Amino acid sequence: MDQAWLIPAIPAAAFAILLIFGPYLPRKGDWLAIAAIGASFILVFPVLADLLDQADGTTYVAGEKAWEWISFDLAGVGEKFEIEIGFYVDPITIVMLAVVTLVALMVQVYSIAYMKGDSRYGWYFTVMSLFAASMLLLVLSNNLLLLYAGWEAVGFCSFLLIGFWWEKRSAAEAAKKAFITTRIGDVGLLIGIIMLWLEGPNTFNIQEIITFAEEGGYDNTYLTGAVLLMFMGALGKSGQFPLHVWLPDAMEGPTPVSALIHAATMVVAGVYLVARMLPLFEVADPIALDVVLVVGLTTVMISATMGLAATDIKRVIAYSTLNSLGLMFVALGSSAVAAAMLYLFVHGFFKALLFLGAGSVIHATKEQDMNRLGGLAAKMPITAAVFAIGTLAMIGIIPLSGFWAKDEVLVFAKEEQNIIVYLVLLSSLVITGLYMTRLFVRTFLFAPREQAAYDHAHEGGLLITVPLLILGLLATVGGFVVFDEVGEALGFPGGFAQFVFLNEAHEFEFHLDTAITSSVLAGGGAVAGWILWQNKAELAARIRDRFAPVSTLLSNRYYIDEIYQFVIDRIVLGLGSIIAWFDRVVVNDGGVDGSAKLGYFTGFEAKFLQTGRLPNYALAIVVGILVLSIAMLVTQV
Amino acid sequence: MSTSLEWGLLAPEFLLAGWAAFIILIDLFWGGLGKERLGWLAAIGVVAAGGLSLIWVNDAKQFGELADINDYTTLFRVLFTGIGATICILSARYVRDRLLNPGEYYALILLAIVGANGMAAAHELLTAYISLELLSFSLYALTAYAKFDLRSNEGGLKYMLLGAFSSAIFLYGIGLIYGTTGSTQYAVIGEVLSGDTSDIEWGMYLGLALMIGGLGFKVAAVPFHMYTPDAYEGAPIPITALISALAKAAGFAFFLKLFAVAFLPLIDDWRYFIAGLSVATMALGNLVAIQQRNVKRLLAYSSIGQVGYLLLGIAALSQDAASALVLHMIGYVVTNLAAFTCVILYYNWTGKEEIEEYKGLAERAPYVALCLTIALFSLAGMPLFAGFATKFILFQAAADQDLLWLAAVAAFFSFVSLYYYLILIREMYLGEPEEKTRFQTPWLEYTALTVLIAGVFLIGLYPKPVFNVVEDATATIFVSEELESGEDLVGVP
Amino acid sequence: MIPIDNFLVLSAILFSLGMYGVLVRRNAVLILMSVELMLQAVAINFVAFAVYLNPETFTGLIFGIFVIVIAAAEVGLALAIILRLFRNRQISNVDEADLMKW
Amino acid sequence: MEFVLLALIVIPLGVCPLFMLIPSQYPQLSRYLAALAGGALFALSLLVFVVYEFDGGSGLRYELQWDWMENIGFLRENGITFYLGVDGIGAPLVLLNGVVIFAAVFVSWNIANRTKDFFVLLFLLVAGVYGVFISQDLFFFFFWYEVAVLPMYLLIAVWGASSEFGTFTRTKEYGAMKLTLMLVGSSVLIWVAIFALFVEAGAGTFDMTVLREATLDEDFQKWVFPLFMVGFGVLAGMWPLHTWSPDGHVAAPTGVSMLHAGVLMKLGAFGILRIGMTLLPEGAEFWAPVLMALGVTGAVYGSVSALAQTDLKYMVGYSSVSHMGFVLMGLASMNEIGVNGAVLQMFAHGVMTALMFTSVGALYDQAHIRDMTQFGGIAKRMPRHSAFFAIAGLSSLGLPGLAGFVAEFHIFVGVFEAGYWWAGGLGILSAAITATYILRMLSRAYFGPLNEKWAGLKEMRIGEQFAAVILIAMILFMGLWPAPFIDRISETVEMIPGIMG
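Chains as they are written, first to last, in my numbering: chain A, 1 to 637; chain B, 1 to 493; chain C, 1 to 102; chain D, 1 to 501.
Think of the hints as simulated: they come from the structure by calculation, not from any bench. Take these hints with a grain of salt, some might be off.
[To be verified] Okay, derived cross-link-like pairs now, DSBU-like style, lysine-lysine, Cα gap no bigger than 35 Å in a straight line:
#1 168(A) to 453(D)
#2 116(A) to 458(D)
#3 607(A) to 352(B)
#4 380(D) to 116(A)
#5 168(A) to 222(D)
#6 458(D) to 366(A)
#7 101(C) to 61(B)
#8 359(B) to 607(A)
#9 359(B) to 597(A)
#10 101(C) to 607(A)
#11 597(A) to 222(D)
#12 453(D) to 380(D)
#13 147(B) to 607(A)
[Unchecked claim] With beta-carbon atoms standing in for the labels, derived distance ranges:
#14 432(B) to 623(A): 42 to 50 Å
#15 165(D) to 591(A): 50 to 58 Å
#16 424(A) to 290(D): 38 to 46 Å
#17 20(D) to 202(A): 57 to 65 Å
#18 202(A) to 223(D): 36 to 44 Å
Since the structure is predicted, the reported quantities are computational estimates derived from the model, not experimental observations. Glycine included, C-beta positions come from ideal geometry on N, C-alpha and C.
Isolated chain A, as found in the complex (with noise of 0.2 Å):
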């Protein structure tokens, strides 16, 4: 256990000898990062094995190390004011270090073919070992504001990486979207861990933090205030609803980053953080949850009719990353930790293997718009097959990891909340089942449409298959970990469920009506797509016609963005300018300068007396001796 900080710490290590060696070391170093993150990835199984066999009973002890990074004693109150750098390991952070990990390992293998020959081949590599450092950093984290540093310096990351070919203009832009919206979030972030902090037993440690606000030590309002606050920053790093903007746009940046990044690993930390704090929010007033449920909902919906509209196919999957991360929130929603986790560990295998797919498709033919591919298939088999079982995952068919994890969310959905929340995740599967046919059967199906990106179009190499046919696998296998005699088999006390929650047992018990209801809808909504877009998709051309305005709408993303843009030209920026201007003018020239002005033409004034002729002169001291004598009379006599 206690040699758990190794793994933030190799890949960091890497980080720093790649940027100060990077350039000079053979092949720019990548296989140094890669070595990094492969060792961390392996060091995940002894902290495991820790885990396990610390295992009294049922319930799990949670390994913890810290070192002092801060501290000084406050005067008068005899406290000291304690910062410190720990670690501490739980079953989430084991599956969040899992999924980490392996599909790091994965996408820099893969970034090898696909970044070859780009100018800053190794600051690529670089970046990445220093994502991967501070991603592990946040989830191994013991204490908030450990946890905070991480968390902005995966923004930061994701800033550098999303702009990674700043020379386009659009991708500086999208690095700076992202990196803003995060901050926005973050601000709700800071304010909840100081009121945490403040209220609370004067530590940021997490676990004593829950455990006061399990015995009842903060009031009730005030934790719901700080935990909607911090679930603002959860909002901003994982894209829901009002923040969602940047990550659309931060497709901007290299597929294999997009399929790191903004599938698997940094937009989830929202939901590992809401799973951390789960209890908090369970103290705090239902609120809170309801909050989170609606959000999610909010932005499954959105997401999903949004992926119908859009032709970008990155743009189309990132849609659907969305969708899971808004069935993630639902789940969390309806306090079901265990049903979101394992959705986070499926979704983490099958998004990025649809990533990468897109990455070769596009590496193939450097096409990315749908309307101008098709018929890959023929040219790309094993693309065409593992994209295929990544789609068919998200949509949630039966054999496939993504049906298992979707099933729990529904049962729990259905359990906790009211009905309507249930009728809008099933439409919500019918158009997940639409989209993600749409996009399969446009790149991969029927006729190609432009000549030219169809000849360009071969297999990627070894380093590009071999990772999609591991992902292909896992998203396959994956979902068999929720049997209980699965987990047994492979040494875990139970199935991921009884993983997840130590302390409580959580039998798995299969419903087989919510199981029938998905599948149907998942499947017919799937066949539609089929139907819709076959051959030269005249049929849902007609569609479209007729809903025009619908179609419109989709397609500008509802116009949120250009909201955004007017809210951000008029009034912030608006608000600058007019303050600028006040500065100058009002307070600089007016204040300042006049009050010298008054000075100077006091004087100029004052200068006037000097007439030059000898009788003023005389007439002044007269004065003067008047003045002095009568006052001197007048006050002493």
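Fit chains B, C and D to the known structure of chain A by using the hints.
The following block gives chains B, C and D in isolation, referenced to the frame of chain A:
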């Protein structure tokens, strides 16, 4: 009235007067000596007189009832001879190039120093008045000395007539004080005024008011300052320096001694009037200075501003305030002479005195520019230089006598004064001179300048030795204060 | 004996006459004459005080003499300057002598 | 060790006459001398910081007390003494001064006209700043405070640059004059406050350790503290009186604005802490809400108006006003975490702004304009320069791992702890606004396609890069391992009366 007078005590004055006559004769009979060397000769005489006055260091003698020769007088004798020597050296080249009959010029300077010494030494109103008139007359003559220069003529006329007018007023004041207290001795006046003065109030206060007016003129306090800019601008530059240094220093020496010994009992009556004068002087002096375009007029108004600070010392009259005042006066005199040396040098080279014409002085004479900058910063009260330490001590002494508001006003106007000094500094360093040639360096003036700047740095960085000397000097005029407790006045100053 | 007040009133009147003269007159010489008038008023004052208040000491009288001496010296110097002014600019009106102002 | 403190003042003052001796035809010689002196100062400051022992005592280390004037006039026993001593708050700021002067010397390597005079004035400024940080006598505190302001006018007026902004122009004379007059004007308030303090304490001495013990009654403190607050506040860029800072920076040459924004502005905040809050605790407590309000307005006001600036130096100027607003907030929180945060922010902001000005100066030297809208994609031509500027920007927006975050975090915690939750919220919001204008500037000027006009730009000079590397080292040192700073600062802040836990 002991009639036996120790004439030896006035040796420095006799030497000066004799030397003045000697200078005139030399100029008359031995033309070959040349105007420049005549200046040096005069300077030697003055220095000799200064050296002579050191005989009476920490000695307390009395020249009849008229004057007393003690540390106070010695300090001021040395100060005045110092000023005189510097002025003689500085005016050597100026007189050679621009003035006729230098003999009388230097003689008048020497006589002015005699007058100044008399004012500091006087212990009695009549002697003080006569020395005051001697000083003033020589300055009137020197101001109008450039016969064919219209401005010098006009300046001299204004200075003369207004001077006569105000000395008449001053005399009327003395008359009233003499009438009411029955004597012209400071100590006796002090004693009478500390007694009950119910019946003689009218005459006394009117006399006091008139004397403050007259003295106000001599030190150029505000309502009476009108002549200063014209006199400064009109007079030949070395004489402007002389007026700004000698007239002010002698005026305050007399002002301080008179008020410390004679009028101290009435301090609560006249304190707030002097404070009022001080505020008016600082305000007008600094504000109008901002508008000036001619360097001489600028320095005139700056010296009016400085007088405001010195009046502050008088308003807060106590032993500490008096020594702080004298220290600030020494700092001011040294800094002012340094500034005027630079102005004289530039005038000798180029004949210019407008601020715009100081463009690019830093290119052409970097050392002179640096010294002028140091002097100006010291006048503004910036640290490292004399102005900061002396102003700090003076204002703190005033604050100690619970005149904090006055110290605050003074601090404010000291800041206002920084503006017009910066204007001059800006011209020197930022402007571009017409031609880039370096001026040839007159070694004598440079050494005088270096000595003065060293003085500015000394008082700025470590004023303790100078302050000790000043402390002993002011102790003598405040002896009567300690004695008040019970013993009657022995009449020993 | 005539009470001292008469003398004081006399000198006060003379003094204010002189002061008025200085303020009103424009000719330099006349200004000088008014100043001399003021000085004589002061001399009267001194002599009056000397005789009436402490006749045995001569301070007041000596003062009176010195005032006269200084007044004389003053006239000498002032006339010289006024003469120079007249010779240079042919004016004696003080208001015209305002080369230096502001 | 106490002669190290003396050396900190003697070296800069002593080197001035040496510069004078160098004939002006050999500017290179004066540059080497400046580098040598800068290096010595940096080493000594590092020494003072590192060898600072933690034993208890009155909190002052390496005391050196020389009688300057005592038992004369109103001064009684050790009236004015040349009293040097460094404490927890002084040590990091001395280090800051050493770092910034060392960097500034290399940045101003290519000053062409009158290099000799430039360095004389620069080192005079540094001597003044050192004097303020380590002098324990109120008279000498004010003495060095004024010395630091003395060379400002000439430094900006002679070596500065005027700039044209279409609707208004900002000549260098205007900037220099305004800056000098506002600083000296504000020092009038301090001067009057010192007079009042000296008279009230009645101990006849300016020694601060004695004045600290003097019991001053409540109402006296209440009307003297605002004098100190406003007097020092002007130099610390307090809100209504901050306008001299952006104008001064626009006009000043790079090296001067580095020292100026990096160190001189800290004098103001240091003054409020060392004189205002230590000697007048009740007064500070009474006026804390006002200081907090002004600090917050400054922070938000500064960051929002920085948002609207197109000139790089104006942007950095307004960001300095904003960050100094944070410092004032930290001080106003009157609790140990907040005040620690304030002192940390002084150091952090000092180093950050110095780095920002180095980069802006480097860009200005080659491009001769500072309007960020006309630049585009210059990262292509100046990769290292943009990296340095990016690091400075990120540290100022509070990225963890860099100095800005540690300081700002402490300030926010302190402000929340003191109960001003509205101020804390606004402060964190202004940190977000800082992120906006920094990133907007980075993406507009540095990233994006290369604007052909700037194809000719070359990388920063070696000197500037060396200066930038030192500054970055400091940013990372404080960002990753702040313990040495905090231990020193907290130990002294504890002993300040009136600072609650």
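Each hint tested on the structure:
Note on residue 168(A) and residue 453(D): the hinted pairing holds, with a Cα-Cα distance of about 18 Å set against a maximum of 35 Å. Between residue 116(A) and residue 458(D) the alpha-carbon distance is near 28 Å, which keeps this suggested pair within the 35 Å criterion. Pair hint residue 607(A) plus residue 352(B) holds up; C-alpha atoms about 23 Å apart against a cutoff of 35 Å. Of the supplied pair hints, the one linking residue 380(D) and residue 116(A) holds, its CA atoms being roughly 20 Å apart against a limit of 35 Å.
A C-alpha spacing of about 59 Å is found between residue 168(A) and residue 222(D), which places the hinted pair above 35 Å, so the restraint is violated. A hinted pair counts as satisfied when its Cα atoms are at most 35 Å apart, and residue 458(D) with residue 366(A) qualifies at roughly 34 Å. With a CA separation close to 48 Å, the supplied pair residue 101(C) and residue 61(B) exceeds the 35 Å bound. Between residue 359(B) and residue 607(A) the CA atoms are separated by roughly 24 Å; this keeps the pair inside 35 Å, and the hint holds.
For the hint linking residue 359(B) to residue 597(A), the alpha-carbon distance of about 25 Å falls within 35 Å, and the restraint holds. Between residue 101(C) and residue 607(A), the direct Cα distance comes to roughly 9 Å. Compliance with the 35 Å bound is thereby established for this hinted pair. Proximity of residue 597(A) to residue 222(D) is assessed by CA-CA distance (about 32 Å); at most 35 Å being required, the pair is judged to hold. Distance check on the hinted pair: residue 453(D) and residue 380(D) sit about 13 Å apart at the alpha-carbon level, within 35 Å; holds.
Restraint check: the Cα-Cα separation between residue 147(B) and residue 607(A) comes to about 28 Å, which is no more than 35 Å; the hinted pair holds. Between residue 432(B) and residue 623(A), the C-beta spacing of about 46 Å keeps the proposed range 42 to 50 Å intact. Taking 50 to 58 Å as the suggested C-beta distance range, the pair residue 165(D) and residue 591(A) does not conform, at roughly 20 Å. For residue 424(A) and residue 290(D), the Cβ-Cβ distance of about 53 Å falls outside the hinted range of 38 to 46 Å, so the restraint is violated.
Our hint of 57 to 65 Å for residue 20(D) and residue 202(A) holds, since their Cβ atoms are close to 58 Å apart. Take residue 202(A) and residue 223(D): their Cβ atoms lie about 37 Å apart, and the range 36 to 44 Å holds.
Hint check: violations occur at hints 5, 7, 15, 16; the rest are consistent with the structure.
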